[in-house]
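Chemist: One letter stands for each residue in the lines below.
There are 2 protein chains.
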Amino acid sequence: MKHAIIGQSGGPTAVINASLLGVLRGALSAGTERVYGMVNGIQGLLADRLIRLDTLIAETQYGLLRTTPGAFLGSCRYKLPEAGQAVYEQILDILKRHNIGQFFYIGGNDSMDTVWKLSRYAAQTGSPIQFIGIPKTVDNDLAGTDHTPGYGSAAKYVAATVREIATDARVYDQDTVSIIEIMGRNAGWLTAASALACEGGDGPDLIYLPERPFSTAQFLADVQKVHETKRNVVVTVSEGVRLADGSYLCESLATGGTDIFGHKYLNGTARVMEQAVRSELGCKVRSMELNIPQRCAAHMLSATDLSEAEAVGFAGAEAAARGETGIMMTFARMADEPYHCTIQSAAIDGIANAERTIPPAWINAAGNGITPAFLAYARPLIQGEVTVPYDGGLPQYLRLCDLR
Amino acid sequence: MKHAIIGQSGGPTAVINASLLGVLRGALSAGTERVYGMVNGIQGLLADRLIRLDTLIAETQYGLLRTTPGAFLGSCRYKLPEAGQAVYEQILDILKRHNIGQFFYIGGNDSMDTVWKLSRYAAQTGSPIQFIGIPKTVDNDLAGTDHTPGYGSAAKYVAATVREIATDARVYDQDTVSIIEIMGRNAGWLTAASALACEGGDGPDLIYLPERPFSTAQFLADVQKVHETKRNVVVTVSEGVRLADGSYLCESLATGGTDIFGHKYLNGTARVMEQAVRSELGCKVRSMELNIPQRCAAHMLSATDLSEAEAVGFAGAEAAARGETGIMMTFARMADEPYHCTIQSAAIDGIANAERTIPPAWINAAGNGITPAFLAYARPLIQGEVTVPYDGGLPQYLRLCDLR
Numbered sequence: 075m076k077h078a079i080i081g082q083s084g085g086p087t088a089v090i091n092a093s094l095l096g097v098l099r100g101a102l103s104a105g106t107e108r109v110y111g112m113v114n115g116i117q118g119l120l121a122d123r124l125i126r127l128d129t130l131i132a133e134t135q136y137g138l139l140r141t142t143p144g145a146f147l148g149s150c151r152y153k154l155p156e157a158g159q160a161v162y163e164q165i166l167d168i169l170k171r172h173n174i175g176q177f178f179y180i181g182g183n184d185s186m187d188t189v190w191k192l193s194r195y196a197a198q199t200g201s202p203i204q205f206i207g208i209p210k211t212v213d214n215d216l217a218g219t220d221h222t223p224g225y226g227s228a229a230k231y232v233a234a235t236v237r238e239i240a241t242d243a244r245v246y247d248q249d250t251v252s253i254i255e256i257m258g259r260n261a262g263w264l265t266a267a268s269a270l271a272c273e274g275g276d277g278p279d280l281i282y283l284p285e286r287p288f289s290t291a292q293f294l295a296d297v298q299k300v301h302e303t304k305r306n307v308v309v310t311v312s313e314g315v316r317l318a319d320g321s322y323l324c325e326s327l328a329t330g331g332t333d334i335f336g337h338k339y340l341n342g343t344a345r346v347m348e349q350a351v352r353s354e355l356g357c358k359v360r361s362m363e364l365n366i367p368q369r370c371a372a373h374m375l376s377a378t379d380l381s382e383a384e385a386v387g388f389a390g391a392e393a394a395a396r397g398e399t400g401i402m403m404t405f406a407r408m409a410d411e412p413y414h415c416t417i418q419s420a421a422i423d424g425i426a427n428a429e430r431t432i433p434p435a436w437i438n439a440a441g442n443g444i445t446p447a448f449l450a451y452a453r454p455l456i457q458g459e460v461t462v463p464y465d466g467g468l469p470q471y472l473r474l475c476d477l478r
Numbered sequence: 075m076k077h078a079i080i081g082q083s084g085g086p087t088a089v090i091n092a093s094l095l096g097v098l099r100g101a102l103s104a105g106t107e108r109v110y111g112m113v114n115g116i117q118g119l120l121a122d123r124l125i126r127l128d129t130l131i132a133e134t135q136y137g138l139l140r141t142t143p144g145a146f147l148g149s150c151r152y153k154l155p156e157a158g159q160a161v162y163e164q165i166l167d168i169l170k171r172h173n174i175g176q177f178f179y180i181g182g183n184d185s186m187d188t189v190w191k192l193s194r195y196a197a198q199t200g201s202p203i204q205f206i207g208i209p210k211t212v213d214n215d216l217a218g219t220d221h222t223p224g225y226g227s228a229a230k231y232v233a234a235t236v237r238e239i240a241t242d243a244r245v246y247d248q249d250t251v252s253i254i255e256i257m258g259r260n261a262g263w264l265t266a267a268s269a270l271a272c273e274g275g276d277g278p279d280l281i282y283l284p285e286r287p288f289s290t291a292q293f294l295a296d297v298q299k300v301h302e303t304k305r306n307v308v309v310t311v312s313e314g315v316r317l318a319d320g321s322y323l324c325e326s327l328a329t330g331g332t333d334i335f336g337h338k339y340l341n342g343t344a345r346v347m348e349q350a351v352r353s354e355l356g357c358k359v360r361s362m363e364l365n366i367p368q369r370c371a372a373h374m375l376s377a378t379d380l381s382e383a384e385a386v387g388f389a390g391a392e393a394a395a396r397g398e399t400g401i402m403m404t405f406a407r408m409a410d411e412p413y414h415c416t417i418q419s420a421a422i423d424g425i426a427n428a429e430r431t432i433p434p435a436w437i438n439a440a441g442n443g444i445t446p447a448f449l450a451y452a453r454p455l456i457q458g459e460v461t462v463p464y465d466g467g468l469p470q471y472l473r474l475c476d477l478r
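Residue numbers (the numbering used here), protein chains in the order written: chain A, 75 to 478; chain B, 75 to 478.
The reader is advised that the hints may include incorrect statements.
No distinction is drawn between identical chains; accordingly, a pair holds when it is met within one copy or between any pair of copies.
[What the hints assert, rightly or not] Straight-line C-alpha distance at most 27 Å; calculated DSSO-like pairs for lysine-lysine: (1) 153 to 358; (2) 170 to 153; (3) 76 to 358; (4) 304 to 153; (5) 304 to 170; (6) 170 to 76; (7) 358 to 304; (8) 299 to 170; (9) 358 to 299; (10) 170 to 358; (11) 304 to 76.
Hints were generated in silico from the structure; no laboratory data involved.
Only a predicted model underlies this, so the values are computations on that prediction, with no experimental measurement involved.
Using the sequences and the accompanying hints, generate a full structural model.
Modeler: Below you can see the structure in the form of structure tokens.
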């Protein structure tokens with residue numbers, strides 16, 4: 075029997091290693107002899123930086139690995155070329171040399187692009203190596219699936235943190251505005267999740283998503299309207315909101331950098347809004363970015379998300395054992411309440427590079443909030459608490475460097 | 075028997091309501107018939123905005139109140155005048171009219187200034203009303219006490235979050251710098267606490283505190299030195315670090331940038347350092363501010379801090395029952411390990427407006443880290459986990475508006 079290899083790619087999530095564990099356990103359960111990990115994704119594979127996961131990680135360490143944030147194997151942002159075949163040949167040669175028959179890649183849109191291109195090349199050249207995508211992104215913007223592992227925990231962290239900030243904001247007996255910037259370039263899923271904080275507690279009064287054009291004048295009017303009945307206005311906004319002309323709101327402050335995929339670095343959206351409130355409304359205003367903790371706050375996991383992340387990895391290994399290739403594992407929702415999802419799969423070519431945004435009907439008419447349909451969708455995904463291992467007062471996480 | 079009144083003032087902490095509960099229970103236990111709360115501190119008292127805490131909060135709600143962040147009674151930032159007596163007379167008249175004999179104020183430096191001035195005025199005018207200060211600040215900068223309630227939980231949140239960010243930063247196979255800005259204008263206690271993350275996990279490589287002058291050239295040299303042996307450098311810095319000339323670092327870099335309204339933008343401290351790294355070292359760099367969650371992340375409490383916050387409130391009520399006035403309750407450390415503190419009190423006149431900074435011997439010679447003595451001091455304060463009540467996947471908190 076051939077061996078398997080697993081890689082992680084793109085920005086980590088708090089449950090990305092639960093998916094790694096799921097694939098590892100699924101592959102071992104299917105009788106795979108060796109399960110390799112590629113250190114730093116495709117980039118590490120190309121440098122032949124492989125490790126044996128099945129021998130490196132003891133079963134007693136599974137629990138620690140499951141709740142460790144950050145990509146345990148290391149990550150990369152590597153884009154396979156559109157044309158040419160040298161690098162494709164090189165990758166298949168390396169896999170063949172190690173007698174690897176199954177290739178699992180845990181990632182988001184860009185990573186699914188990698189899985190798609192490799193599976194296409196394998197099909198074209200008659201290679202029997204199977205390529206399976208395991209979904210992962212806090213952005214929840216992968217097509218073909220009800221939701222993505224990583225989103226539920228990030229949504230729970232965002233909603234809990236926004237509630238705590240709103241509770242803090244409530245203490246002042248004067249007009250205030252608190253603006254909280256949340257991850258989301260083109261899709262507002264994570265920002266919308268802040269609305270969950272309003273159910274039985276303090277939460278945002280106004281929510282701005284990249285799915286709708288942003289108007290500073292309308293935003294200021296919205297704030298003034300809330301101030302008619304409430305002193306402390308709490309606003310959540312996606313980092314990627316754009317003006318009607320399509321330019322990012324934050325571009326007046328942007329440093330001009332782009333990443334390897336050509337994506338502009340976005341930040342400063344909330345600061346631009348803060349300045350607008352200060353100069354136009356003159357009340358006390360503060361802005362903040364929730365930043366990196368949104369994708370790595372493993373001390374605040376959704377139990378639902380954690381178990382699904384592991385299950386989807388396990389199911390990926392099962393699908394490979396059945397001979398499938400060129401697919402991404404997906405979730406199909408059967409019911410909101412009681413919540414029930416089944417794990418399925420979809421052809422990767424329809425998924426790679428497609429971005430799924432919030433359905434228009436889930437955003438309110440004014441474009442400054444969400445509808446109950448969104449809450450029904452998101453609510454099940456944040457359910458359940460996870461107690462991570464603590465030592466010396468702090469959460470304990472597993473590091474590759476501690477095992478080697 | 076006369077009644078008691080409690081107020082909260084200044085920026086909240088995650089355990090400020092545990093102290094409120096402690097005073098309430100202590101006063102009731104001492105036989106006080108009525109325990110009032112002033113809504114929005116002294117400012118609310120002056121407007122006669124009093125509520126009956128003993129009848130408003132049922133014992134079944136004590137648990138929820140204990141772990142609620144934000145000042146449950148609302149807060150204020152109000153400075154009593156140095157001279158004149160009109161407002162002092164007014165306050166004492168209001169207290170007298172409600173037959174209040176004990177005044178408890180939960181707060182930091184500015185709030186202790188209020189307690190001091192009121193107790194002085196009462197002494198000068200022969201008023202029998204007692205004034206007791208209950209310490210509270212995430213900054214840990216109050217004089218006369220080993221530490222302050224609120225610091226331990228904020229330190230735990232900071233150390234855990236920095237560890238998670240450092241774990242996330244580790245995934246990249248390229249030189250990176252992550253700069254994390256932490257609260258602390260003149261005292262680096264909270265930033266120094268990030269060093270606890272290094273014990274048995276990932277943590278900061280470099281730590282810059284306001285107790286030492288900051289040099290951008292030295293900072294860049296420090297980063298380069300760490301990069302010799304490590305790809306991913308993690309830096310923590312206090313918001314209030316200053317250059318040798320005494321100016322704040324965040325004032326120093328003239329970017330020439332303006333926002334959409336034509337205002338020059340004053341960058342944050344970490345942002346200034348980010349720009350220095352980008353332009354001088356040219357590697358991947360990101361900066362972030364931990365911001366408001368540092369003082370309100372009640373989902374991540376130190377059990378030690380929580381129980382001490384309640385105990386110091388209770389002890390304040392006991393001190394009042396013994397007839398004391400013009401004091402702040404304090405902690406005196408008996409031992410680091412096993413940790414043991416006793417609750418005592420100190421005359422308020424030596425405490426108000428004095429800021430306690432980190433002892434020079436607890437900062438390393440290079441001025442970019444702390445010594446083991448600091449760790450021995452801080453470690454006990456973050457011990458123990460607290461499970462707050464969850465409902466619908468989110469932490470539940472008590473709101474005054476829900477009870478009235």
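Chemist: Determine for every hint whether it applies to the structure shown.
Modeler: Here's how the hints hold up against the structure:
In this assembly of identical chains, the alpha carbons of residue 153 and residue 358 lie at most 27 Å apart only when taken from different copies (18 Å versus 45 Å within one copy). In this assembly of identical chains, residue 170 and residue 153 lie within 27 Å of each other by CA distance solely inside one copy; the values are 21 Å within and 75 Å between copies. For a Cα distance limit of 27 Å, the shortest separation of residue 76 from residue 358 qualifies neither inside one copy, at 64 Å, nor across copies, at 39 Å. Proximity of residue 304 and residue 153 under a CA criterion of 27 Å is satisfied inter-copy only: 25 Å between copies versus 49 Å inside one chain copy.
In this assembly of identical chains, the alpha carbons of residue 304 and residue 170 never lie at most 27 Å apart, being 65 Å within a copy and 33 Å across copies at closest. Proximity of residue 170 to residue 76 under the C-alpha cut-off of 27 Å is restricted to the intra-copy arrangement: shortest distance 10 Å within a copy versus 86 Å between copies. With identical chains, the CA atoms of residue 358 and residue 304 are at most 27 Å apart within one copy only, with a shortest distance of 14 Å there and 42 Å across copies. Proximity of residue 299 and residue 170 under a CA criterion of 27 Å is satisfied in neither setting, with 64 Å inside one chain copy and 41 Å between copies.
Taking the closest pair of Cα atoms, residue 358 and residue 299 come within 27 Å of each other only inside a single copy of the chain (16 Å); across copies the shortest separation is 42 Å, beyond that limit. Taking the closest pair of Cα atoms, residue 170 and residue 358 never come within 27 Å of each other, the shortest separation being 63 Å inside a single copy and 34 Å across copies. In this assembly of identical chains, the alpha carbons of residue 304 and residue 76 never lie at most 27 Å apart, being 64 Å within a copy and 36 Å across copies at closest.
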